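Asks: Chain by chain, the residues:
2 protein chains.
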Amino acid sequence: MGRWEPDARGRLERAALELFVERGYEQATVTEIARRAGLAQRTFFRHFADKREVLFAGARTQQEYLVSAVARAPEAATPIDAVDAALEAAAAELQERGEYARQRQAVIAANQELHERELIKLAALAAAIAGALRRRGVTDPAASLAAEAGIAVYKISFERWVSEPGPPDLPGLIRESFGELREVTAGTA
Amino acid sequence: MGRWEPDARGRLERAALELFVERGYEQATVTEIARRAGLAQRTFFRHFADKREVLFAGARTQQEYLVSAVARAPEAATPIDAVDAALEAAAAELQERGEYARQRQAVIAANQELHERELIKLAALAAAIAGALRRRGVTDPAASLAAEAGIAVYKISFERWVSEPGPPDLPGLIRESFGELREVTAGTA
DNA sequence: CTATATGATGGCAGCGACTGACATCAGGTA
DNA sequence: TACCTGATGTCAGTCGCTGCCATCATATAG
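Note that the protein sequences, when read in sequence, are chains A and B.
Numbering-wise (this note's numbering), the first sequence opens with residue -9 and increments by one.
Numbering-wise (this note's numbering), the second sequence opens with residue -9 and increments by one.
Just so you know, not all the hints are guaranteed correct.
Identical chains blur together in the list; that is why a pair holds if it fits in one copy or across any two.
[As the list claims (entries may be wrong)] EDC-like cross-link-like pairs, simulated, lysine to aspartate or glutamate; straight-line CA separation at most 16 Å:
no., residue 1, residue 2
1, Lys41, Glu103
2, Lys145, Glu173
3, Lys145, Asp159
4, Lys145, Asp130
5, Lys41, Asp159
6, Lys111, Glu22
7, Lys145, Glu166
8, Lys41, Glu8
It should be emphasised that the hints constitute simulated quantities derived from the structure, not laboratory data.
As the structure is a prediction and not an experimental result, all values here were calculated from the model.
Using the sequences and the hints given, assemble the complete structure.
Replies: Okay, here's the thing in structure tokens:
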């Protein structure tokens, strides 16, 4: 075997998730993760900006997917419907890697630092979706509001999905939550 | 002067904000902050869990205020109206310390770590508001959705408030944004 | 086939955030 | 006066993270 086994980045991601599951995020040092992947600590930080980032490598792909999904929604769709459709599509993708997603989410939920990182990724997602809506001609603050509301719906739906025992379909939960949001905001005043 | 000057915590908060404004969050070390407050580095970490937390000391007070404001909303108020009223009241309080708020927000906006911490504080706020709504008899997921939607409105309104040159009233911006959220979510489907 | 350029990696020193353990001091109390 | 309690100081040590330079594998030029 040569000095450079292929897919160093992927090996680091898998080694990290393994160690985080085995003994928790804080108890696993970067040096250990790198060693398990057959690499040096210094190399870890060449692939990931910091220790948390190793769990969020897929965020960029997900964001690009969501943005393109918003862009290709029917021209007649309202902003909120475009966001709904995009999130349901992304949820369907996610659900196929259900086991990985649940394991990863358990690690994140057990650690505040990771929760913070997740929130800022979701905020970036909201900003990207708002941008996609503006490119559809939606003006602010409607674009930002639709995007943030969509992310709120996604957060709540995802929490219900991981917490519930059986495997209900995530897209369905998202659709329901959008409906409930409509009822909640339709109030008086 | 005695060994223990009063209000060590407050001195640390002020020294930290000063240094962050002067040369940025990352360039200011905890040791420097403590020295400017006339204390040792170790004492800083007895008052604040970590370096970021020194900027978020008021979050707990704000959360208690919001929860009680939701609790004392008229019994007939819808969930979203209760959240609206609470946020407008909190915004009025905040606006009185407008100069401090803007300075603090500038520091936070310039640093990603601080932005992350702010987001998790807002998420905690949303959870607390949802709890207050449940105590009013609102069931989930309506309670969570109303709370998250409210926080989304707050985020967007606050951003507009700090970015705009003149000093428009923050409560008014929040009220407007709730109205726009209603229009956005009222879409078809 | 050899020399060289390029990119990925390793090793090391060092800074700053954070923590545990122990000593010290001010103020109150028996 | 002796003691107790809480806030602070000091010190050593771990870990995340970075800059710097050496090293190795592969590709390409010659």
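Asks: Going through the earlier hints one by one, which of them does the structure break, listed in rising order?
Replies: 2, 5 and 6
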